[in-house]
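Colleague: Working from the sequences, and respecting the hints, build out all of it.
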Amino acid sequence: MERLLQYALTGLSAGSLYALVALGIVLIYRSTRVLNFAHGDIATVATFVAFTMLTRRLPFWAALGASLLTGALVGVAFYLVVLVRAQRRGANLLGMVILTLGLALIIQGVVVYVWGAEPVSLPFPISDTRTYSVGLVVVSQLSLATMAAGLLGSVGLYVLVQRTRLGLAMRATSENLMAAQTLGIPTRLVLSVSWAVASALGVVAGIFLAPALLLDPFFMLDPFLKGFAAAVLGGLNSLPGAVVGALILGVAESLTGAYLTIQFKNTLAFVIIIVVLLVRPEGLLGREFKERV
Amino acid sequence: MAGELLEVEQLSLRFGGITALDRVDVTVAEGETLAVIGPNGSGKTSLFNCITAIYRPTSGAITFRGRSLLGLSPDAVASGGIARTFQNLRLFHNMTVLDNLLVGRHLHFRKNFFEALLRVRREEIRHRRRAEEIIELLDLEAVRKSRVADCAYGVQKRVELGRALATEPRLLLLDEPVSGLTQEEKDELAYWIHEIRGRFGVTVLLVEHDLRVASRLASRMVALDHGVKIAEGTPGEVQQHPEVVKAYLGE
Ligand SMILES: Nc1ncnc2c1ncn2[C@@H]1O[C@H](COP(=O)(O)OP(=O)(O)OP(=O)(O)O)[C@@H](O)[C@H]1O
Ligand SMILES: [Mg+2]
Numbered sequence: 066m067e068r069l070l071q072y073a074l075t076g077l078s079a080g081s082l083y084a085l086v087a088l089g090i091v092l093i094y095r096s097t098r099v100l101n102f103a104h105g106d107i108a109t110v111a112t113f114v115a116f117t118m119l120t121r122r123l124p125f126w127a128a129l130g131a132s133l134l135t136g137a138l139v140g141v142a143f144y145l146v147v148l149v150r151a152q153r154r155g156a157n158l159l160g161m162v163i164l165t166l167g168l169a170l171i172i173q174g175v176v177v178y179v180w181g182a183e184p185v186s187l188p189f190p191i192s193d194t195r196t197y198s199v200g201l202v203v204v205s206q207l208s209l210a211t212m213a214a215g216l217l218g219s220v221g222l223y224v225l226v227q228r229t230r231l232g233l234a235m236r237a238t239s240e241n242l243m244a245a246q247t248l249g250i251p252t253r254l255v256l257s258v259s260w261a262v263a264s265a266l267g268v269v270a271g272i273f274l275a276p277a278l279l280l281d282p283f284f285m286l287d288p289f290l291k292g293f294a295a296a297v298l299g300g301l302n303s304l305p306g307a308v309v310g311a312l313i314l315g316v317a318e319s320l321t322g323a324y325l326t327i328q329f330k331n332t333l334a335f336v337i338i339i340v341v342l343l344v345r346p347e348g349l350l351g352r353e354f355k356e357r358v
Numbered sequence: 048m049a050g051e052l053l054e055v056e057q058l059s060l061r062f063g064g065i066t067a068l069d070r071v072d073v074t075v076a077e078g079e080t081l082a083v084i085g086p087n088g089s090g091k092t093s094l095f096n097c098i099t100a101i102y103r104p105t106s107g108a109i110t111f112r113g114r115s116l117l118g119l120s121p122d123a124v125a126s127g128g129i130a131r132t133f134q135n136l137r138l139f140h141n142m143t144v145l146d147n148l149l150v151g152r153h154l155h156f157r158k159n160f161f162e163a164l165l166r167v168r169r170e171e172i173r174h175r176r177r178a179e180e181i182i183e184l185l186d187l188e189a190v191r192k193s194r195v196a197d198c199a200y201g202v203q204k205r206v207e208l209g210r211a212l213a214t215e216p217r218l219l220l221l222d223e224p225v226s227g228l229t230q231e232e233k234d235e236l237a238y239w240i241h242e243i244r245g246r247f248g249v250t251v252l253l254v255e256h257d258l259r260v261a262s263r264l265a266s267r268m269v270a271l272d273h274g275v276k277i278a279e280g281t282p283g284e285v286q287q288h289p290e291v292v293k294a295y296l297g298e
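Protein chains in written order, with the working numbering: chain B, 66 to 358; chain Z, 48 to 298.
I should point out that these hints are in silico values taken from the structure, not numbers from a laboratory. One should not assume that every hint holds.
As the list claims (entries may be wrong) - Now the stretches of chain B that chain Z is said to cover, found in silico as 3 or more residues with beta-carbon under 8 Å:
no.	region
1	224 to 235
2	242 to 248
Unchecked claim - If we take Cβ atoms under 8 Å as the criterion, some of the chain Z residues that face chain B in the derived model are:
no.	residue
3	Glu-54
4	Leu-149
5	Ser-266
6	Arg-267
7	Gln-287
We treat Cβ as the ideally placed atom computed from N, Cα and C, and that holds for glycine.
Modeller: So this is what it looks like as structure tokens:
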């Protein structure tokens, strides 16, 4: 029982990171129908910015702020400079998805060039060795902080989208761009905000993942794929679905590692996804989302 | 000329080899209701799309309240005071009826970002009141909290009309507002459009296939055929115009 709870908790912590990644993917997907394959790489370059600032002994909050800003700016710049123009010249969706792949490769090149390919460790103020006992389970400070970040990111996004006027404009824009425009909504500005918010959510995942492992130019690849899988599992256009999918994925992965074999950790997660998608192609909450939001 | 709200001059729109609009002149005076008629594919929707900046005309001029609309973005045109409905409804299907109307209030939200974020209460009440007024007027009370996708077609048509009205436009463009409705619903909606004009003092430019409804609502009529304006005048004159009769017989 303890063992089960302990591994479930580890899974929730990993799932929180996947949720942050998945929310960004879904936010972009439902507003522009573009799958952003550069999502992880935007987070990578931003996390390296934090790395540079932290190794220079700048305060954590400054480093966090700077990396969030970096991520948001890269996202917005890509949207405004590349995607908007491509769209104006009649690029189709597949073309735009390929453009995001191009951005991913460019960022990887830049990161390797500036920071090198050697793994480095991120000096982080939150420890993953200091632990607390909560009832039957033990939780590290880093796990707690990660779960808090995941919760804050999800709730924050929910409030933004469902409870603010900007969110109303975001929902209108993603549901029917032309109607939103003719009602006076500056859709390009609204979509820029979506790109900024989505990228920043990915950056938070990067920042909280980095201290648990070594930082290298490809460290976001695995969480990006997991976040993508979680988004598909939850229903690609559903924000609550992204969170649910991510938590299920994180816990399933962790339990597989514990009770079956660690080699199956990734495999079983994707088997679950395939099964769910065969039974419910729209994802777990894909349809419910359509009905409500 | 004084009193002209909208002036469209020598407007042409081409898509490759197709000429959707061919040197069309239309003026709409403040306070009037002008109907645009014409067979399928004659360019009526294209005219609306040019006015609302969804299409960029190939040549010609569009002036609204003395200012050119050419080169503006659709949201800038909307903020100038032009609202429209679409021939094939473009609603926010997964939102409630009330939220659809509130999106229409977007232009009148305070521009201050933080106030907007906090949804200041007094502002909120003001916007809700306007939305409530429209709900009452268009008899949407029973469905206010329903998701639009779950509403009947006739209701959806009214929601789209209400949403356009929520922007408080000076000029309202209606693209076939009664198409797809039953005879009874048509009469109802025509009555509501009539009411709206009186209550909000809005100028209306209307595309309508149903000539009975069009002549009931409009004081003036313009007929298009293959992108060319073939007649203009009172509804009676236009419908008896030989070119118009010919165009409709050919359909
Ligand atoms: N985006 C577009 N691309 C190519 N051709 C177009 C486009 N939009 C309209 N057209 C063409 O322009 C012409 C006018 O179309 P439009 O939709 O304005 O007609 P309409 O008068 O509104 O017809 P209806 O009564 O069927 O609604 C048609 O030949 C149509 O095929
Ligand atoms: Mg039409």
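Colleague: Sort out which numbered hints this structure fails and list those numbers smallest first.
Modeller: 3, 5, 6 and 7
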